[in-house]
Amino acid sequence: MLGLDNRDMKLFIWVVCITVLAPFILNPFPAESELAQFNAGYPDLMQRFMIFGIFAIGFNILFGLTGYLSFGHAAFLGVGSYAGVWMLKLVSMNVIPAIIISVIVAGLFSLVVGYISLRRSGIYFSILTLAFAQMSFALAYSVLTPITNGETGLQLALDDPRILDSASSTGSIPPTNFFGIEMRDGFELALGPWEFVFNFGYYLCAVVMLVSFYLSMRIFRSPFGMMLRAIKTNQQRLRYTGKNPRPYNLAAFVISGMYAGLAGGLMVAMDPLAGAERMQWTASGEVVLMTILGGAGTLLGPMVGAGVIKYFENIFSKINDALLYEWFSAMPEGLQDVFVFLIHPFIGKGWHLTLGIMFMLVVIFLPGGVVEGGQRLAALFRRRRQSRETDGPAAVKDATPAE
Amino acid sequence: MKDMRISRRGLLKGTAVLGAGLAAPTVLMRPASAAFTNEPTGGSVTLGFNVPQSGPYADEGADELRAYELAVEHLNGGGDGGMMSTFSSKALKGNGILGKKVEYVTGDTQTKSDAARASAKSMIEKDGAIMITGGSSSGVAVAVQALCQEAGIIFMAGLTHSNDTTGKDKKANGFRHFFNSYMSGAALAPVLKNAYGTDRKAYHLTADYNWGYTTEEAVRTSTEAMGWETVSAVKTPLAATDFSAYITPVLQSDADVLVLNHYGGNMVNSLTNAVQFGLRDRQANGKNFEIIVPLYSRLMAKGAGANVKGIFGSTNWHWSLQDEGSKAFVKSFGTKYGFPPSQAAHTCYVQAILYADAVERAQSFNPCAVVEALEGFEFDGMGNGPTLYRAEDHQCFKDVLVVKGKENPSSEFDLLEIVEVTPVEQVTYAPDHPQFAGGELGKCNPGA
Amino acid sequence: MDAIILQILNGLDKGSAYALIALGLTLIFGTLGVVNFAHGALFMLGAFCAVTLNALLKTSYETIDPNKLDFLGNPAKVETPYIVDWFGPEFGGAMIEWSVPLAILFAIPVMVLVGLVMERGLIKYFYSRPHADQILVTFGLAIVLQEIVKGFYGANPIPTPAPDALTGSFDFGVLLGFDPGSIIYPYWRLIYFLFAAIMIGGVFAFLRYTTFGMVVRAGMADRETVGILGINIDRRFTIMFAIAACVAGLAGVMYTPINSPNYHMGMDFLVLSFVVVVVGGMGSLPGAVAAGFLLGVLESFASMGVVLNVLPGINQIIIYLVAIIILLTRPRGLMGRKGVMEE
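Protein chains in written order, with my numbering: chain A, 1 to 403; chain B, 404 to 851; chain C, 852 to 1194.
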């Protein structure tokens, strides 16, 4: 179906189900309970999961398949964002033109950067991409302030032309919309103590993410994908067979640049502001970490990595001491203090520390990232169970193909 | 694989809940609608404290957070009440806000506009915060202010000094208590005139981003108005850590004053470098060479160590002020934490109290009612003397402090001494002043 | 003319910091084949060795002085460092004042230990792992080290001045026949430059003229063959890692009087030092050093007002622009060897 084999189809259906039902899955704790702090089912974070998922999927097409490690991918996301905001400012608050222009502009920019950078390989390539991205960041932050609004970030203003929209007289900036459906709108569902938010913006992101994911699956399984893998394995040998790897590399680079632009466009569609920091090397580094953390070269890995990092950034940074005391309020006072003291360095302002420790633990104990490591663990577990039980084949059948 | 399994379990759970929910009579389907965004319904109200907790301004953010915690304590009737007892408005009763207990959530701006907005959004969407406050840079303030305007939330800016926050980027839902670049220039000029005379040649080093631009413009305009000449103005990258390449050309120029339009780590390094190159001991045009730092912060002055001695700058507030409000605040902050508050802490504390007071006076959490209560509000007893929240641009007008690095500090907090308290009249400007041109306040937005 | 001389001095000074960090980085690259994202953190740790020693020397006991008041109006606590009490204000005070030079002695064992623990405890297991894994683990380590330092010392920069005797500046102008005061340069920055030169010379001499160095160089060129010859190359590589950590750490110690150290200073230098190493050419020590000085000098020139008036913003991008041009004209950087980190 859809040109996917059975395994892939199953995986894709799983991903569809999870994204559609994410508002439920991400809000497992009742709204008033003390664990509600760990709920991630609010529109902004759910949108971010999808957007950074797209970014990482795109990055993985380049890094996971060809092995070329770009350290400047955030520049394409940033350029896409700026293009998107300008579209919202000049043309219309409808998000579709903004997203389309983001993809186009990011694609063109990545064509230029890719064409130059791909003349080198290995770490030389990484540094070339890094250099382009850092230049974009530095200029956007300072000299290009008239176009990018520098430090503050490019944002909408009341007196923007928006030539396709009818003039608004409300005295506030109209929200971004998809043919009239406002991105920030949605509805809430309260089931007993649970509360779930369904946000239109999220579902738009989810649809785009699913399409991107589907495309990346097709690319992974296509002859083109095979060619990219061949580049990773042995470029020399590929050349001897009379194939020129350059066009393939460049195509992969531009595709992943367009994915980044798409993510940037969606980002401004959800929240119409483009800041220069999203082009900084730390942002490029983040997508590298997401991909490696989840598992480079696997289909699902980058999305998992993106989800994990964004979850830490948004949830752990918001836990404070007052909350800790609340959680341990049942304990006697001395013990409470001890627990708060022990946990304190890892939450709130210490979320970076937790993230750093997690990077190390994952890479030490789950080589190849969360997804691959998870698969190995599962395989290990299965083997043990198989050796004990007789119905081995059933267990194997139960395994969900995940990549 | 592992991940799939977790998700599947979650999925099953979700489905089960959905089934149960559909059967139960309590099911409630509603579009997000209320009188205004995040209208507090229970016995408590949630404020969002969005401060830098990671990155170079983390210490300043930590101090802001301390101030907010203190403010919440005082609002809920705990502690010694701090500035609530000296505040000219007596609407607050120490029983929370409108009888609702004050609770708070915290977030990390990382001093990046993107991250700050993400954090503010999560406070609004997830935690139901009715007001967002805090921050340690103008980029963040402007970005979060715009977000709050769109979401229908009140934004009480923390430390933000750029003219733009209440200039071209002003918003109806946003309020700034902190002073700005223009005020720094206006307050510094007369003091500099007295100390260094009217015949001076200034060399500006400016951080290459919005705040740097507005500060350079403000200081240039007011010093040139009193007869100084600007020899050169060079922009330095934000990421610069070593300023030697920018300092040495000063030696070659015929300037006799160096103005460092830098803040934070940039300021610490550029000042340290300038002193290293002997600028403090230099003679130029037959005068002593002088250095000026338009915006001082005590926390940053600490980073520069002995290099700040004798160097002029301006600051919003300093703990050594002797008015009743400042004394009460220093006492209650110092007793709780063991050291005096920074200017960022002061501004944040005041903003939290001002917001609560405005709600009490308006008898409503509705952002539009709060805006109305704050616009044109005059008050006293919060440090800095009588203060006006101007209706036209939501900027506070109050006395500005001109300070100087202290020659013989008596403790590690005693780094700055107040040279002059510039009266408010001298730093007031017309709302349509060219340095603040462009932008519209718009209308207050209650959201929903 | 004097402006240009000054910018060359600035460039050499900046270049010495770049070169020192890049030297350590490329030692690890070249010998162990490990992409070490924690190298900047080692530089930062070194700087905080100086801060820590300063704090240790200042360890004080408190006495209450009823004549002084603190900011709350209570009797003030006066702190007297033990060291002043033990050795008298003269010698004790001098020790505190000279804490940065003293910190070199303190930092060497600390950094060697850090290097050994890091290599034996972590990096060793990543030799045969893909570069991606190395990046993730060393980046994670860098964050952890940073956050630990932040936990102890906060995020603000901490002033760590040079001894008073070394804080003035030296008048080059008079030496070269210019007007007095036209070319002056701070003593400490000159010391930093000399120090860098000695360190770099030392590492080169060590690799060139000792048997140990010869084996390491052989190992860098062809690890397997050296192993087959029955030489325990692993142990030597461990020592090389410790030396690299030490070089980075000492560069950090000496840097503290130039700019007050803060917990993220390592990250600020990290990206730049990678650019320097790659521009110099992978696997080439002289390349790294040359690239460090070259980029330092160019950056200084790009910061001049005259240049900025013609090309605004060039100071922001010069390093990256030069890196791109060099990498496009010389495929393996200035002096890179073929086949190192090219896959």
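Please note that a few of the clues may not be correct.
Listed next, the in silico DMTMM-like pairs over lysine to aspartate or glutamate satisfying Cα-Cα at most 20 Å (straight line) [as the list claims (entries may be wrong)]:
| hint | chain 1 | residue 1 | chain 2 | residue 2 |
| --- | --- | --- | --- | --- |
| 1 | A | Lys89 | B | Asp835 |
| 2 | B | Lys571 | B | Asp817 |
| 3 | B | Lys712 | B | Glu815 |
| 4 | B | Lys846 | A | Asp160 |
| 5 | C | Lys909 | B | Asp817 |
| 6 | B | Lys504 | A | Glu32 |
| 7 | B | Lys712 | C | Glu948 |
Stretch-level coverage of chain C by chain A, calculated; a stretch enters the list once three of its residues show a Cβ under 8 Å from a Cβ in chain A [stated by the list, open to error]:
| hint | region |
| --- | --- |
| 8 | 980 to 993 |
| 9 | 1123 to 1131 |
| 10 | 1156 to 1169 |
Here are a few chain A residues that face chain C, going by a calculated C-beta distance under 10 Å [unchecked claim]:
| hint | residue |
| --- | --- |
| 11 | Arg120 |
| 12 | Ala131 |
| 13 | Met358 |
Hints were generated in silico from the structure; no laboratory data involved.
Glycine included, every Cβ here is placed at the ideal spot set by N, Cα and C.
Do the hints match the structure? See the list:
Straight-line distance between C-alpha atoms of Lys89 of chain A and Asp835 of chain B comes to about 25 Å, which puts the hinted pair past the 20 Å bound. For the hint pairing Lys571 of chain B with Asp817 of chain B, the CA-to-CA distance comes to about 36 Å; that exceeds 20 Å, so the pair is violated. Pair hint Lys712 of chain B plus Glu815 of chain B holds up; C-alpha atoms about 13 Å apart against a cutoff of 20 Å. Distance restraint check for Lys846 of chain B and Asp160 of chain A: the Cα-Cα separation of roughly 16 Å lies within the 20 Å cut-off, and the hinted pair is therefore satisfied.
Under the criterion of a C-alpha separation no larger than 20 Å, the hint pairing Lys909 of chain C with Asp817 of chain B is consistent with the structure, at around 19 Å. Restraint check for Lys504 of chain B and Glu32 of chain A: satisfied, since their Cα atoms lie roughly 16 Å apart, inside the 20 Å limit. Annotation: proposed proximity of Lys712 of chain B to Glu948 of chain C holds, straight-line Cα distance about 18 Å (limit 20 Å). Proximity of the region 980 to 993 of chain C to chain A, defined as three or more residues with a beta carbon under 8 Å from a beta carbon of that chain, is established by the 11 residues found.
Figure legend: the region 1123 to 1131 of chain C, annotated as covered by chain A; annotation consistent (4 residues with Cβ-Cβ distances under 8 Å, at least 3 required). Look at the region 1156 to 1169 of chain C against chain A: 4 of its residues bring a Cβ nearer than 8 Å to a Cβ of that chain, three or more, so the hint holds. Interface hint status for Arg120 of chain A: upheld, as the beta-carbon distance to the closest one in chain C is roughly 6 Å, under 10 Å. Using the Cβ-Cβ criterion of 10 Å, the hint placing Ala131 of chain A at the interface with chain C is satisfied: the shortest such distance is roughly 4 Å.
The interface hint given for Met358 of chain A is met, as the beta carbon of that residue sits about 7 Å from the closest beta carbon of chain C, less than 10 Å.
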